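Chemist: Under the working numbering, residue 706 is the last one in the sequence shown; the count climbs by one each step, no gaps.
Because the hints were derived from the structure by calculation, they are not lab data. Note that this is a predicted model, so its numbers are computed, not measured. Cβ atoms here follow ideal geometry from the backbone N, Cα and C, with glycine treated the same way. Possibly wrong hints are sitting among the right ones.
Quick list of simulated restraints, FRET-style, between CB atoms [stated by the list, open to error]:
no.: 1; residue 1: Gly656; residue 2: Ala703; range: 24 to 34 Å
no.: 2; residue 1: Thr629; residue 2: Val669; range: 15 to 25 Å
no.: 3; residue 1: Gly645; residue 2: Arg678; range: 15 to 25 Å
no.: 4; residue 1: Arg678; residue 2: Asp704; range: 18 to 28 Å
no.: 5; residue 1: Asp704; residue 2: Ala676; range: 23 to 33 Å
no.: 6; residue 1: Arg678; residue 2: Ala703; range: 27 to 37 Å
no.: 7; residue 1: Asp704; residue 2: Asp657; range: 31 to 41 Å
no.: 8; residue 1: Leu673; residue 2: Ser642; range: 14 to 24 Å
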Amino acid sequence: MPTVLRWNGYRIFFYSADGDEPPHVHVVRGDCEAKIWLSDCAVAINLGFAPRDLGTIVRKIRERRPALLEAWNDYFADRC
Numbered sequence: 627m628p629t630v631l632r633w634n635g636y637r638i639f640f641y642s643a644d645g646d647e648p649p650h651v652h653v654v655r656g657d658c659e660a661k662i663w664l665s666d667c668a669v670a671i672n673l674g675f676a677p678r679d680l681g682t683i684v685r686k687i688r689e690r691r692p693a694l695l696e697a698w699n700d701y702f703a704d705r706c
């Protein structure tokens, strides 16, 4: 599971088996996890993050979206 960003205690990554899905990242911190679609930075799944934290996460994902999409495409290019 490649980690693509660490920031403020958050780890942003994708699972190696996720290549069949549209581009997205998983975000974990403590016991909480969220899945964010990179197409529109929408929250697909939220397991425990408070709304305020989720807003912060989405803003960071939106800010770093080009680099995250590049990492996704680079990683999964050889796996299709």
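Chemist: Compare the structure with each hint and give your call.
Modeler: Consistency of the hints with the structure:
At roughly 32 Å, the beta-carbon separation of glycine 656 and alanine 703 lies within the given 24 to 34 Å, and the hint holds. About 20 Å separates the C-beta atoms of threonine 629 and valine 669, a value consistent with the hinted range of 15 to 25 Å. In this structure the hint that glycine 645 and arginine 678 lie 15 to 25 Å apart at CB is violated, the actual value being about 32 Å. Take arginine 678 and aspartate 704: their Cβ atoms lie about 38 Å apart, and the range 18 to 28 Å is violated.
Take aspartate 704 and alanine 676: their Cβ atoms lie about 38 Å apart, and the range 23 to 33 Å is violated. Roughly 36 Å separates the CB atoms of arginine 678 and alanine 703, a value that falls within the hinted 27 to 37 Å. Between aspartate 704 and aspartate 657 the Cβ separation comes to about 33 Å, which falls inside the hinted range of 31 to 41 Å. Taking 14 to 24 Å as the suggested C-beta distance range, the pair leucine 673 and serine 642 conforms, at roughly 20 Å.
When held up to the earlier numbered hints, the structure conflicts with 3, 4 and 5 and fits the remainder.
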